[in-house]
Amino acid sequence: MSLVDTILPFITELPPFPAVILRVLQLVEDPNSSAQDIVEVIQYDQAITANVLMVCNSAYFGLRQPVTSLRDALVKIGFNRLIEIVLARGSSYIFYQACHGYRLGVGELWRHSVACALLSQILSARLKKEKNPTQFTAALVHDVGKIILSEFVRDHLEEIKNLVQENHHSFIEAEREVLGIDHAELGGKIAERWRFPPNIISGIRYHHTPLSAPTFQELVSIVYLCDLVALMTGFGGGVDGLSYPGYKEVMKQYGLVEKDLEQIVNQLESELKQVDLILNIR
Amino acid sequence: MADMKLTRDGKAVLTTYTLGACIGVVLYDPREKVGGILHFMLPESRMDPQKARLNPWIFADTGLPLFFEEAFRLGGEKKRIWIKVVGGAEVMGDSAYFSIGKRNYLALRKILWFHNFPLLSEAVGGNVNRAVRLEVSTGKLWVRTPWGEDREL
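Read top to bottom, the protein sequences are chains A and B. Take 1 as the starting number for the first sequence in this note's numbering and just add one per residue. Take 1001 as the starting number for the second sequence in this note's numbering and just add one per residue.
Keep in mind the hints are simulated off the structure, nothing from the lab. Cβ coordinates follow ideal geometry from the N, Cα and C atoms, glycine included.
Here are the simulated SDA-like pairs of lysine to any residue, each with C-alpha atoms no more than 25 Å apart in a straight line:
hint: 1; chain 1: A; residue 1: Lys259; chain 2: B; residue 2: Lys1110
hint: 2; chain 1: B; residue 1: Lys1051; chain 2: A; residue 2: Ile122
hint: 3; chain 1: B; residue 1: Lys1033; chain 2: B; residue 2: Glu1122
hint: 4; chain 1: A; residue 1: Lys273; chain 2: B; residue 2: Arg1046
hint: 5; chain 1: A; residue 1: Lys252; chain 2: B; residue 2: Asn1127
Counterexamples of contact, computed for chain B against chain A with all Cβ distances above 12 Å:
hint: 6; residue: Val1013
hint: 7; residue: Ile1083
hint: 8; residue: Leu1119
hint: 9; residue: Ser1121
hint: 10; residue: Thr1138
hint: 11; residue: Gly1139
hint: 12; residue: Leu1153
Derived coverage of chain A by chain B (criterion: at least 3 residues anywhere in the stretch with Cβ under 8 Å from a Cβ of chain B; other residues may be distant):
hint: 13; region: 225-232
hint: 14; region: 235-247
hint: 15; region: 258-267
Please put together the full structure from these sequences, using the hints given.
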């Protein structure tokens, strides 16, 4: 039995992704659905609703009148913010855990995920694209494969370390060579099992190999670039560090230069309070 | 992150978050036991002068001069102060497009040269994440990488 055959069954041990979030993701892609439709779906989940209202009433938003319902929240903080809070609430319990194999302590993968998700909105705006919850989610969950692969990385860390440090393999190549599968491909399989929409599955699967993505290139490229920028900025950097390839082709394709990445880092720094706000959604 | 801490408190131990391509500049006056760390993220304030006024620590060219001034104010003296530098890591591959780490480092060197500060030692570049810890009572500085044990720099 190969190592991959040992790894894959662990996919079934992950908790399911919240059904209400998957429904929200379907609706945001559906041109016939309105913000009200989406709010209606969310409010059936009382735990999420209660949590979202608590966040809306936090000091961050500084609202004079307390928000008492999701409809009220929609008016006061706007659709995009509301959806981001809901998506974060639906994902945090999976991403908050430590990934010891990657030397990521409790909360560190979540911190990386949140930074990446906010960067995706900053970069989308820079590329003159609308903010979009699907892009936000793809960036938020792109590293889900690490949650399962972590234990296997830990068991084979010396071999992976040799390939990265001595042979200058990228971390993703080293994972593939030593374990037979890397965290991006494994993440894609998890997302399939969770019945994520195909664009988010691609965003996860190709987030280190954007040039190989057969479809949804733009979404994939944004996740890819935001992941690199989050790593460069030190958000949740583990043992893999910055051992991932930077492709100039992706930058050229979107007319981006190095200074654009610096601007994105600068904007993220301005939104660190928002990072903290989302980090505390659990 | 995009912040600075300087102290004469002998009990203090200063640390940074993981640095990535950002740079941790460590300054220490061994006689006065003034120690501090500046964690800057970007090389030049030119991209956002308004931001530089709100938070000068984010940029090398606005953060470093203020960092030095603050050290002098706490009793540090230029002729005794040593500087050590950590961070500035890079992703693999097409470095011209992903060179924040290198640009941060070059900006720093230029400013140190301009202010005539020697650089005592450094742990910079590569693809590895680093964080630092400074013990203010002794001036001992450790660099932590996720691969292994802390290393004194």
